[in-house]
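Visitor: Working from the sequences, and respecting the hints, build out all of it.
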Amino acid sequence: MSFPKMSEDILLKKLTPPDPHSKVRMVLDTDTFNEIDDQFAIVYALQSQDKLNVEAIYAAPFHNNRSSGPENGMEKSYDEILRILKRINVVSEGFVYKGSRGFLESKNDPYRSEAALDIVERAMSATEDEPLYVVAIGAITNVVSAILIEPEIIDKIVVVWLGGHAFHWSDAKEFNLKQDVLATQILFDCGVPLVLIPCMGVTSHLLTTLSEIEKFVVGKGEIGDFLAKRFAEYHQDHYAYSKVIWDISAIAYLLNSEEAVLTQIVHSPILTDQVTWSFDSSRHFIRYAHHVNRDVIFKDLFTKLAKESSVKM
886 MSFPKMSEDI LLKKLTPPDP HSKVRMVLDT DTFNEIDDQF AIVYALQSQD
936 KLNVEAIYAA PFHNNRSSGP ENGMEKSYDE ILRILKRINV VSEGFVYKGS
986 RGFLESKNDP YRSEAALDIV ERAMSATEDE PLYVVAIGAI TNVVSAILIE
1036 PEIIDKIVVV WLGGHAFHWS DAKEFNLKQD VLATQILFDC GVPLVLIPCM
1086 GVTSHLLTTL SEIEKFVVGK GEIGDFLAKR FAEYHQDHYA YSKVIWDISA
1136 IAYLLNSEEA VLTQIVHSPI LTDQVTWSFD SSRHFIRYAH HVNRDVIFKD
1186 LFTKLAKESS VKM
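Mapping of the sequence shown onto the working numbering: residues 886 to 1198, in sequence order.
Hints were generated in silico from the structure; no laboratory data involved. Take every hint as true, because none was put in to throw you off.
Computed spacing ranges between beta-carbons, pair by pair:
1) H1152 with S1096: 41 to 47 Å
2) E990 with D1180: 39 to 45 Å
3) Q1149 with Y1124: 36 to 42 Å
4) P905 with G954: 39 to 45 Å
5) E1037 with Y1124: 49 to 55 Å
Just so we're clear, the structure is a prediction, and the values are computed from it rather than from any experiment. Glycine residues also receive a C-beta, built at the ideal position from the N, C-alpha and C atoms.
Guide: Listed below in structure tokens is the structure:
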């Protein structure tokens, strides 16, 4: 399959971080039940409506000890999204879509899920000056399936993906990436404008603790108590324990790329079949996150939780 080839000037323009004073169109693709960080990311995005126009949320597949398989992971994620939206009084109808039942196995056979088809439809209405930001914080099959279904959306979207590890890491075997290798290889090869936010070595800095959650999240409305309960129940022993809330970094990039998520332009990496990074300076450019400001991001998240809860009291 061939993909539209974007000029370098246009690609670099699309890779420019959003104007912090503007409002961007975005959709969110999330394996919400996989851990506990997606829940925080959804709430963070929906409580940032001054800068983010969140048009849809998609359930992504995952498979670990919290699901019996990828399809079950997607269904559990869908249900978790509904639980979150109910607690913040957001109507789910026409807003939440189910994703693929598995991970991409062939570039000739994309999953025509509700999520992939909705991405295509929304992307085709985007303009050069106002692209659709497709923020993905799970396996990338829904997004890549949309690209395979309609390659022309490459000219209409910017993908922001939390996946893989930092380029200096010994391998790229991060959870989102390693279960969806083919889709990831297509993502890096197809030329779509991409902001890559790695896990180990970059967002692994986004740690918080139960004591901090109890101080700044508990009591911040029904959704605050829900998030705190998810955090407390995720780990049995919280003595000297901290948990990474990786996924909020993708939202923070759109909100405050100057301070919260520091990035640079690099050549798109090659993901090998051994799930390691390889590099070729003749390849197209992507934007790569190399540092996150943990305190700036959590301060913004906690401030918005407090503000929303005070408004509803």
